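For reference, the chains in residue letters:
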Amino acid sequence: MGMSAAPLLCVRDARKRYGTVDALCGVSFEIAGGEVMALLGPNGAGKSTLIRSLTTLQKLDSGSAEVAGADVGANPSAARRAFGYAGQESALDKLLTGSEMLRFQAGLAHLPRVEASSRGKELLQRFGLAEAADRAVETYSGGMKRRLDLACALLHRPRVLILDEPSSGLDYEARRGLWALLAGLARDGVAILLATHDFEEAESLAHRCVLLARGRVAGSGSAQELRDALGAWVVTAAVRSAPRAEDRALLHELFSALGGTPLPESPDSAECAMAAPERADGRVWTDALREEAARRGVVLTALGQRRPTLQDAYLAATRGAAEEVR
Amino acid sequence: MSREFWQETRIQAWRWFLHTRRRPIVVISGLFQPLIWMALFVLVLKDSMREVIVGPYLDFVTPGALLFTAFNASLNAGVPLLFDRELGFLDRLRVAPLADRFSIVLASAIHIAVITLMQCVVIIGAAAALGVRFQGGLLGAGVGLVALLLVILGFTAVSLGLAFQFRRHFEMLAVVMIVTLPMVFLSSAFAPLERLPEWLRGLVLLNPVTLAIEPLRAVYSDEEWSFTMPLDETWLGTPTPAACLVGLAIFVAVAGFWSRGVLRRKLA
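Just so you know, the protein sequences line up as chains A and B, in that order.
Start counting the first sequence at 3; every next residue gets the next number (this note's numbering).
Start counting the second sequence at 12; every next residue gets the next number (this note's numbering).
Looking at chain A on its own, in the form it has when it is part of the complex (with noise of 0.2 angstroms):
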């Protein structure tokens, strides 16, 4: 089916806080048919928030946020309907079987008894679990787990699916296995909202990612976009020679002279990295840095260059609004 250009999911300036604190800063953002966003951000970046006010578990202070059509806020029946979910841990009932379990979804999802049988032997054999389909969830493996909370979620057949960390847990072949099921839900037509700490899952998976940082959308576009816009080079290099701060200065100062663009670090971090443009020139960004700092009296005790990834994008962005913040 692909992807189509009517958004299933829009968030327009959604807004939460709590007490003090400001958990959304007006976040917007659109999900099209057949589309995946990551939703990527440090603890405490809002997007358990996020998530918990688009499946109706917590209503937003303003904004909006709709799911095919339905406001959550307004009319969160239709919503429901429209939306499957899966939370951060497979929310099933251990004593029940596994076609049990998705009989007591079908019943809270309204389905005849005859669609319900078939929808639910069509998902346990989608998802490999006719198997074990009528043995105990406790005896199941967390993959299997995962998975069948997955089919729950899709049994009433929404056009949105929202999951928060769906593979958390899990080991690398039953991420792969969940993935290429995300996936093939995608070539569906299904709208995937993921909100995930695995840059690969992100980069697998989502045609975009939202960076959370503070509540606010940090930065946003497909993993691609989100590499280019750092630059076309990361530079890192460490000295030794002072107290951390005046490293840090030093670092920066050379950076600078050589035209690069100093990216936000851990506080913790020795190593400080800059983001570059491909050199004029065509040397290597580690040779000229090497120079200069020769030329400056400086030692390096590390030295480095790659190629930006999504990581270093999210960095770079989260620790800006962070800094921005304070």
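Any given hint could be a false lead.
The calculated DSSO-like cross-link candidates involving lysine-lysine, where the alpha carbons are at most 27 angstroms apart (straight line), are [unchecked claim]:
{"hint": "1", "chain 1": "A", "residue 1": "Lys96", "chain 2": "B", "residue 2": "Lys57"}
{"hint": "2", "chain 1": "A", "residue 1": "Lys61", "chain 2": "B", "residue 2": "Lys277"}
{"hint": "3", "chain 1": "A", "residue 1": "Lys96", "chain 2": "A", "residue 2": "Lys123"}
Derived CB-CB ranges, DEER-like [claimed, not checked]:
{"hint": "4", "chain 1": "A", "residue 1": "Arg115", "chain 2": "B", "residue 2": "Val190", "range": "38 to 48 angstroms"}
{"hint": "5", "chain 1": "A", "residue 1": "Gly144", "chain 2": "B", "residue 2": "Val257", "range": "50 to 60 angstroms"}
{"hint": "6", "chain 1": "A", "residue 1": "Ser271", "chain 2": "B", "residue 2": "Leu29", "range": "44 to 54 angstroms"}
Hints listed in this document are in silico derivations from the structure and should not be mistaken for laboratory results.
Here the structure is a predicted model, which is why all the values come from computation and not from measurement.
Glycine included, every Cβ here is placed at the ideal spot set by N, Cα and C.
Once you've looked at the hints, dock chain B against the given chain A.
Leaving out everything else, chain B in the frame of chain A:
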């Protein structure tokens, strides 16, 4: 109530019955507890009660054991829901397109009512084997059933309301533990009202457990019972089985209203 409401209620009740089938120990322990209480009370109190009770103490205590079973089971009805909440399962219900979230309460009440009535049948059978006969006839059985159902519905509503108020099951269990024994002992479940101080007798009459046990005991032990027969004299008045049932119905209505309000507020 819509077809969707009954479908979602049925499927939730079905889940609770599956739990019971797969964890029968909960039902068995719930059955043994009142039987043990009955045996202990008869052993300890039968002689001292001889002066204040007409007939064997076992006849007196059997309706008390039935009520205790219903009361205890329904007051704990909310605990599984709290576990659902702690384990994230309640969120599955909250994001489901339910027609009315009151189905969560009703499904739990249906489950508790069926299981408790089955336990009551076993207690009645055990008491009958020991010579306790039900005297009240068919109408009396209906009245007894209504009294038990009202207690189950009322306390299940209270319990589910508490389950939505608390965030952790141990908080709820602490409250249930504090409430259970005073509610039972400040009733006429195991001792007649005449044994209580005068000032307490009227207050005890306001206890829904007493309001249920008085008509139940009347139909259980008196073949000439009537809806208007006077029961015990208190400073609050002399209740009749009819007045007790009306009082119980008011309790159920208030509990249901409160529970529904809590549900709406907490799960909005």
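Which numbered hints fail: 1
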